[in-house]
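The sequence shown runs 0 to 94 under numbering that gives the first Met the number 0.
Hints are computed from structural coordinates only; laboratory data are not their basis.
For glycine and all other residues, C-beta sits at the position ideal for the given N, C-alpha and C.
One thing to keep in mind: the hints can contain errors.
[To be verified] Pairwise CB distance ranges (calculated):
(1) 55 <-> 3: 17 to 25 Å
(2) 39 <-> 92: 29 to 37 Å
(3) 13 <-> 87: 28 to 36 Å
(4) 90 <-> 30: 30 to 38 Å
(5) 31 <-> 82: 17 to 25 Å
(6) 84 <-> 4: 33 to 41 Å
(7) 80 <-> 27: 16 to 24 Å
(8) 85 <-> 28: 16 to 24 Å
(9) 80 <-> 23: 44 to 52 Å
(10) 86 <-> 45: 37 to 45 Å
[To be verified] The calculated lysine-lysine pairs, modelled on BS3-like cross-linking and capped at a C-alpha distance of 27 Å, are:
(11) 88 <-> 71
(12) 16 <-> 84
(13) 88 <-> 49
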Amino acid sequence: MTENQHTEIVHYLISKKLSIDIIAEVYDHFVTQITALMAEGHAFEEAFNKTQLTWSEDLKVYWNGSWDLDDKTDLERRMYKAQRKAWLKASFFIH
0 MTENQHTEIV
10 HYLISKKLSI
20 DIIAEVYDHF
30 VTQITALMAE
40 GHAFEEAFNK
50 TQLTWSEDLK
60 VYWNGSWDLD
70 DKTDLERRMY
80 KAQRKAWLKA
90 SFFIH
């Protein structure tokens, strides 16, 4: 993949208004999926479009009616929930 293609991926992820932590995580997945599709003979644009479709539900930003008034993706909600669960678990098991 070229530098411009990597930049295109980053700009796409930034346009989804994700936190920098999540962009870093998802970027690796995007590159891996696109590289695998390109190895199968797909052009970058086609591989990128297929990867975007694969991730479209996880990267859709919306408000889910909760107390948190921020628009977030389901991916962000799952990651923050897992993080909070780990913090709570750690706080109860501190000796």
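Checked hints:
1. 55 <-> 3: 17 to 25 Å: holds (23 Å)
2. 39 <-> 92: 29 to 37 Å: violated (46 Å)
3. 13 <-> 87: 28 to 36 Å: This hint holds: roughly 31 Å between Cβ atoms.
4. 90 <-> 30: 30 to 38 Å: holds (35 Å)
5. 31 <-> 82: 17 to 25 Å: For residue 31 and residue 82 the Cβ distance comes to about 23 Å; the hint holds.
6. 84 <-> 4: 33 to 41 Å: holds (36 Å)
7. 80 <-> 27: 16 to 24 Å: holds (21 Å)
8. 85 <-> 28: 16 to 24 Å: holds (21 Å)
9. 80 <-> 23: 44 to 52 Å: violated (19 Å)
10. 86 <-> 45: 37 to 45 Å: With Cβ atoms ~41 Å apart, the hint holds.
11. 88 <-> 71: holds (24 Å)
12. 16 <-> 84: Distance of about 24 Å is within 27 Å: holds.
13. 88 <-> 49: violated (38 Å)
Comparing the model with each numbered hint stated earlier shows that hints 2, 9 and 13 do not hold.
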